[in-house]
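Assemble the whole structure, with the sequences as input and the hints as a guide.
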Amino acid sequence: MRNLSKIITVIVFIFLYIPIIVLAVASFSSGTDLAVFKEFTLSRYSELFRDTTLLTLLRNSVIIAVLSTAIATILGTAAAVGISRMKGRLRKLVMGMTNIPMTNPDIVTGVSLALMFAFTGTVLKLNSVLGFWTLLIAHITFNLPYVILNVMPRLTNMNPFLTDAALDLGCTPVQAFFKVTIHEIMPGIIAGALMSFTMSLDDFVISYFVTGSGFVTLPVEIYNYTKKPIHPKLYALFTLMFIVILALMVTMNLLQGRNKKARIHGIAARTGKEA
Amino acid sequence: MKRNSGKSWLSVPYIVWMLLFSIIPLCIVIYYAFTDSLTGEFTFSNITGILDYATIFLRSIWLSVAATIICLIIGYPVAYTIARCKPRTQRMLQMLVMLPMCMSFLLRTLAWVALLEDTGIINNIITSLGLQPLPLIRNSGAVILGMVYNYLPYMILPLYTVISKINPRLIEAAEDLGCSKAKTFTKVILPLSVPGIISGITMVFVPAVSTFYISQKLGSTGTVMVGDIIESQFKGAYNPNLGAAMSLILMILIFICIGITNRVAGDEEEVMMP
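Those sequence lines, one after another, are chains A and B.
Sequential numbering of the first sequence, starting at 359, is according to my numbering.
Sequential numbering of the second sequence, starting at 96, is according to my numbering.
In short, the hints are calculated from the structure, not lab data.
Hints may contain errors.
Have a look at the derived ranges for each label pair, beta carbon to beta carbon [said to hold, decoys possible]:
| id | chain 1 | residue 1 | chain 2 | residue 2 | range |
| --- | --- | --- | --- | --- | --- |
| 1 | A | Lys-537 | B | Ile-355 | 44 to 50 Å |
| 2 | A | Phe-407 | B | Cys-122 | 42 to 48 Å |
| 3 | A | Ile-601 | B | Asp-147 | 45 to 51 Å |
| 4 | B | Pro-108 | A | Lys-450 | 17 to 23 Å |
| 5 | B | Met-187 | A | Asn-361 | 19 to 25 Å |
Listed next, the in silico DSSO-like pairs over lysine-lysine satisfying Cα-Cα at most 30 Å (straight line) [to be verified]:
| id | chain 1 | residue 1 | chain 2 | residue 2 |
| --- | --- | --- | --- | --- |
| 6 | B | Lys-181 | B | Lys-282 |
| 7 | A | Lys-537 | B | Lys-102 |
| 8 | B | Lys-282 | B | Lys-260 |
| 9 | A | Lys-364 | B | Lys-282 |
Note that this is a predicted model, so its numbers are computed, not measured.
C-beta atoms are modelled at their ideal positions from N, C-alpha and C, and glycine is treated no differently.
Given below as structure tokens:
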């Protein structure tokens, strides 16, 4: 039974990475067909760095991801603090509202926002409202629940007397928040922000419906590219992004491991026991 | 305690935001679904027009249910195996499950086209062995494979979170009290992983039933899905009213499906991804 599980696990990991390997290998091929490897070349990478449109698209994606994450993190953290003070039916109602974008399929979220923007456009008699601002609004909207759902558990598990102690020792509520609460809930804020950032950077479906011709992100343009015969420099871009994300994740993992160790040692030192 | 209850105003900006950009847009979907595309008058014709697409709705549901079940069957052993590893290995494997989720799913699906094509990588291997090429693409099997591939991590992660939190002493207790390995699994481990199973099912089924790219690339005209039709109402044929009506029905269908899953499994709390 246990061996069978292990075999399935190995097969699943191979399955998950086969397409990524196919793309990475194709980025070094001089042919244009993904399925046939012609000759080894690095020219796809030099073409990529000379392609200013692709780099602009990447920059657009990063701008939207950074801005929407920052705004969603601030709004969401404040909201989580507020919601944690609510009780009963009101709290249920607000959390229900938070869950709507989570359970709604992306296509419905995208369509509903596109319709609202179109509706606003006709009311204001504007030709096209779709562009940077609609994209930013959409991204903030789908990022907010990730922040709240990550911060809320931290607030619920936090010792309420910590804030009381800070207040009794003469902190104003604002000081108490920035000196005490925020440190307690920081892991939740970071997790929420990271999740928002990756969701935003890679979002295609919602962006596709709310984007205009003026401001386009990378995933949306990749979709337009895949309708025609695709240029292999995209495989080079994919491979580079894979390496960057892999490096980031490994670093985070190592840091996390070190932190955990430090914490265990800290606890052991305080309690005087071996960890 | 009075000073603690004064902070709920902090959530006001958020509530206003969500009303403006989540609730009102949904109301506008309902408005469009019940108005005529030309005259703008109230009508049921968009909703009744969906009956023409009933087979497409049914097909979307069956394809995504099949994909969800396959994800659960192969995702559970993976999550279980990861949860049994050393903490260090667990973190590495969890990262390896998450990594593909961060990469462009459009390009990864395109790689599957190259693998499955009639003259693709797999068929090249088969023919070089002297066998007949297989029809691997442009059928429902390929669409299900594409969905399983894309959404499997969303099944594994919540399952892993739940299984890794099961207290090992409960398993020891079951074994001490005379349970066989199989019985420990069905009586202890499986019931305790129900919240993860529900989250996993929701997180796979919802994007799968509403996808429009996978079926376009890996399927044929015989595997068109609801997502494809909705997309074409906004980006091609342009009948936003019909598209809105379809989005509304899709949303209702999903709420019913989630409701059934929750009812079958008992009202457990959902588990977020780690």
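Quick rundown of the hints versus the structure:
no., hint, result
1, A:Lys-537 <-> B:Ile-355: 44 to 50 Å, "holds, 48 Å"
2, A:Phe-407 <-> B:Cys-122: 42 to 48 Å, "holds, 47 Å"
3, A:Ile-601 <-> B:Asp-147: 45 to 51 Å, "holds, 48 Å"
4, B:Pro-108 <-> A:Lys-450: 17 to 23 Å, "holds, 20 Å"
5, B:Met-187 <-> A:Asn-361: 19 to 25 Å, "holds, 21 Å"
6, B:Lys-181 <-> B:Lys-282, "holds, 25 Å"
7, A:Lys-537 <-> B:Lys-102, "holds, 16 Å"
8, B:Lys-282 <-> B:Lys-260, "holds, 16 Å"
9, A:Lys-364 <-> B:Lys-282, "holds, 22 Å"
When the structure is compared with the earlier hints, no violation turns up for any of them.
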